[in-house]
Amino acid sequence: MGYPANYRYTKEHEWVNAKDGVATIGITDYAQSELGDVVFVELPAAGKKLETGKSFGSVESVKAVSEIYAPVSGEVLEANPELHDKPETINSDPHGAAWMVKIKLSNPAELEKLMDSGAYETYVAAKGKEASA
Amino acid sequence: MESVTTPITNLSMNAEPSTSPGTAERSTELRKTPLNAMHRRLRARMVNFGGWDMPVEYPANGGLIAEHKAVRNGVGVFDVSHMGDIRIRTGKTPGGGLAAVQHLSMNDAAKLAIGQAQYSAMLYPQGTFVDDVIVHRMGEDDFLFVINAGTREKDISWVRENTKEMDCVVEDYSDAYTQLAIQGPRAVDVVKKLTDVHLDGIKNYWFTHGTICELPCRLIARTGYTGEDGFEIYVPSDVETSETVWNTVIEAGKEFGILPCGLGARNTLRLEAKMALYGHEISENINVWEAGLDRYCQMEKRDFIGRAALGKLSAAGLKRELVGLQVMERGIARDEYKVFDAAGEEVGVITSGSPSTTLGANIALAYVPPALAALGTNLFVEVRAQRVKALVVPTPFYKRARKPAPQAAGSN
Chain P
10 MGYPANYRYT KEHEWVNAKD GVATIGITDY AQSELGDVVF VELPAAGKKL ETGKSFGSVE
70 SVKAVSEIYA PVSGEVLEAN PELHDKPETI NSDPHGAAWM VKIKLSNPAE LEKLMDSGAY
130 ETYVAAKGKE ASA
Chain G
-2 MESVTTPITN LSMNAEPSTS PGTAERSTEL RKTPLNAMHR RLRARMVNFG GWDMPVEYPA
58 NGGLIAEHKA VRNGVGVFDV SHMGDIRIRT GKTPGGGLAA VQHLSMNDAA KLAIGQAQYS
118 AMLYPQGTFV DDVIVHRMGE DDFLFVINAG TREKDISWVR ENTKEMDCVV EDYSDAYTQL
178 AIQGPRAVDV VKKLTDVHLD GIKNYWFTHG TICELPCRLI ARTGYTGEDG FEIYVPSDVE
238 TSETVWNTVI EAGKEFGILP CGLGARNTLR LEAKMALYGH EISENINVWE AGLDRYCQME
298 KRDFIGRAAL GKLSAAGLKR ELVGLQVMER GIARDEYKVF DAAGEEVGVI TSGSPSTTLG
358 ANIALAYVPP ALAALGTNLF VEVRAQRVKA LVVPTPFYKR ARKPAPQAAG SN
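Protein chains in written order, with this note's numbering: chain P, 10 to 142; chain G, -2 to 409.
Hints were generated in silico from the structure; no laboratory data involved.
A few of these clues could be false.
[Said to hold, decoys possible] In silico DSS-like pairs for lysine-lysine, Cα to Cα no more than 25 Å straight-line:
#1 P:Lys95 to G:Lys66
#2 P:Lys136 to P:Lys63
#3 G:Lys29 to P:Lys138
Working from the sequences, and respecting the hints, build out all of it.
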């Protein structure tokens, strides 16, 4: 699975797809493969304010809880209802159907600080090498 | 996204990944079983479990949930070579080995036939747990203790220290064996392909020595930690033999859908079967009665370490009890999460908690006051910021189907 060229990425393995002041946020294919089968997702309600770098929800596998950190700040417009009953979508379609929240961006300039797809691919490739050491 | 696992104790199942940044160095300090290279070739996800570099799951085969299902429905194989083995046998006079075991172990080893094993524990003088152990009677006066990986050194020191005045020989065989657990309803069919030993004659918790994978005189035990039928086999620990046996087991199990299984599935399987994990349901701070392990503690036999304290504790009554919980609202109860009563008072703690693949529910074991231990009691588990409803339910959560006894020919 490739990393969409028009998305931006964080070191904590979130992706952001921003358009016209609205950003869709999810976690990457690398993140889901590290987690294993996802069994539970906790997402914020509409209206919740996200602060860059702060945790806004969690994803759970059988073995572990992983927090999700806001890559950019804004107000939650919608959380993906599909993930409530079908958390496994995160494993099968992490960059598409498993989007987590849509937010109204409070500061679009924050997007510039994030990695593009090329930089993110390099970043995870390096992690892969470390892992097999 | 960052992985936040519940606080790590030395023996916690929520262990640190061996592959996170900065641990490349650390991983050379971790102990390895002879099959370590094999697990890494299979691209297992590795973790630090009590100082051992162990596979938690094998993502290439589907991972933890697939492994759990394989054991419940077919067969799975685990490398459990990190566990320890202590041989205790007599020194000069007959009875010395048995006497040493009876002194150390709370269960009654005198009741064991040669070829029989039992679940037991070694206790501190205050009646709490040094470790749980499977005691195997190899001979009249010759016993094998199979012990936990995380307590290997503590246990061997404990055994030596507490038998030094006794007429027995204590030997640490822990590094001598590669131990494989082959578990599931089809485990016996797999092992039958590897040995001529008459396996149908070995009942649950009995064992024999026989040729397996062309290796003579190996321990083959009908024991396990999954709640399924299965065998644990003990073969020489050199890498070449270990890998050959592993590959032979996998090949033999292919027709039954065998999967290599890691510590993740090992934990979810034993939790469903309500089997204790040291550092969680049992520890140096928990006594036998609280842990509900009465049936493995033979107070009527001659003195053993911890017996006097257990007598007093029995008279004093329980302060807390181990119960099974099923989470009734959205949320997963995990190790060390707090338990509250309906009034909002903190009353207990989760010892082990996880989604249960077999039940399709989130389950947990917890210590709560006896007044709240009745089946059907409503409790609350603090899952991060929220308190979710949980119900006290019967345990074990899962019990395997027993085969009906065969009918005698001609019976009506």
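Hints and how they fare:
no.: 1; hint: P:Lys95 to G:Lys66; verdict: holds, 19 Å
no.: 2; hint: P:Lys136 to P:Lys63; verdict: holds, 23 Å
no.: 3; hint: G:Lys29 to P:Lys138; verdict: holds, 21 Å
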